[in-house]
Amino acid sequence: MAAVLQQFLSPFHSFLALTMQPDQPLPASRDGTGVKNMHQLIQLRWIAVIGQVATIVFVHYGFGIALPLMPMAIVLACLAAFNLVSTLRWRKREEVTNGALFLALLVDILTLTAQLYLSGGAANPFVFLYLLQVALACVLLRTWASCAVVVVTTACFIALTAFAGPVVIPADPTRGLRDPYVQGLLLCFALNATLLVVFITRIGRNLRARDQRLADLRQRAAEEEHIVRMGLLASGAAHELGTPLATLSVILGDWRRMPPFTQQPELLQELDEMQTQLTRCKSIVTGILLSAGEARGEAPAITTVTAFLDDLVEEWRTTRPVRGFDYENGFGEDEPIISDSGLKQMICNVLDNALEASPGWVGLESWRDEDRLVLRVSDAGPGFAPAMLSHFGKPYQSSKGRPGGGLGLFLALNVARQLGGSMVARNREPSGAVVTMSLPLAALTPPETSDE
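Numbering of the sequence shown is given in the numbering used here, commencing with residue 1 and proceeding in unit increments.
One thing to keep in mind: the hints can contain errors.
[As the list claims (entries may be wrong)] Label-pair restraints from in silico Cβ distances:
id: 1; residue 1: 386; residue 2: 262; range: 53 to 59 Å
id: 2; residue 1: 247; residue 2: 417; range: 35 to 41 Å
id: 3; residue 1: 323; residue 2: 244; range: 30 to 36 Å
id: 4; residue 1: 82; residue 2: 370; range: 43 to 49 Å
id: 5; residue 1: 304; residue 2: 258; range: 40 to 46 Å
id: 6; residue 1: 376; residue 2: 148; range: 33 to 39 Å
id: 7; residue 1: 318; residue 2: 417; range: 28 to 34 Å
Everything labelled a hint here was simulated from the structure, so no lab data went into it.
These numbers come from a predicted model, not from an experiment.
Think of the CB as a built atom: it goes at the ideal place given N, C-alpha and C, for glycine as much as any other residue.
Put together the whole structure using the sequences plus the hints.
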């Protein structure tokens, strides 16, 4: 029977066996599955205490079977005291080990054996509650520990058959449900089945949630590694571009003083446009190096939320071919923040993405939601495809059909995560898209301000 249960519950057991090494703690900050499973055992033990009290009273006074009430009460008191200590111990603990779970199950098995010995031994129909302990061991413990539980429960059953207790339970299965022994068997079966369904379902839910958290962490680690590689490539490219951009700037300065250009206003106008775009390229290179931690002699400046957004909007409008742009700053009472290049690039990436999808109109709104800065970028384009919304923020998820598309939102989402914020997207009616960024002000506030 134990082998059948082990095979039936092997999916749950394999989940836990992947991460719970023997006697290795699972920090709650990283994975609280072990602690949650310990809480399930504690709940189950309280149910066992209440159930045993009800059963003892019913059998002693209802069936007229004289039970040793004092010894059984002492066993119940010890079990309740152990569970109370366990409740207090694991209420705020941040780690649990395979050995702790194994010990908890051993206490349950030994107290069950003591109660069975005092109330009929192997003839007690509730002897099949051993199977519940075996099933829980298969789910909660590593293979060696679950096998040890099988050995212990088998040894306890043999001991009950070898040593007669103070009570003899009469049994006559031919009477059917009129026989107290058959009634006990039916109650034991229903109890086992109910507890298995309830608690193993809960434990399985804990394991599935843990598995999903691990999958999210792996995905997050892969994305951050991808960002690091992109940052290294971008930083290298920025260094390489610095020299040719400086050379072009010198050449354009020389051309402005040459007669062919000074005598033709149209050429001078084109030179001014080229100089503007060159200045933008140098600004982009500087922003890349700032994001990579190489400030090129510049340091992040202290500004305010309103000034930061107003300057960002002004710079973005003058360096992009913007035809229609609505900007509404409803932040309210101003607060000092650090003018961070990563934050600036994040907002510009979202604005650029909206402008590319909707060249005719882009909207930006900002407001304060308690201790958070909320920014909403809207456009009148075709909106996000359903597949893109379900994978929003993943790299290379783009409808633009060009290599490298989709990286802007990917980088913007990861900057928001690094600041402790979030970014969500939805489609507008009748057309267009909305991207909302929510950032905690504490992550943007200068250190000396946040300490006051």
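Honestly, which of those hints from before does the structure not fit? 6
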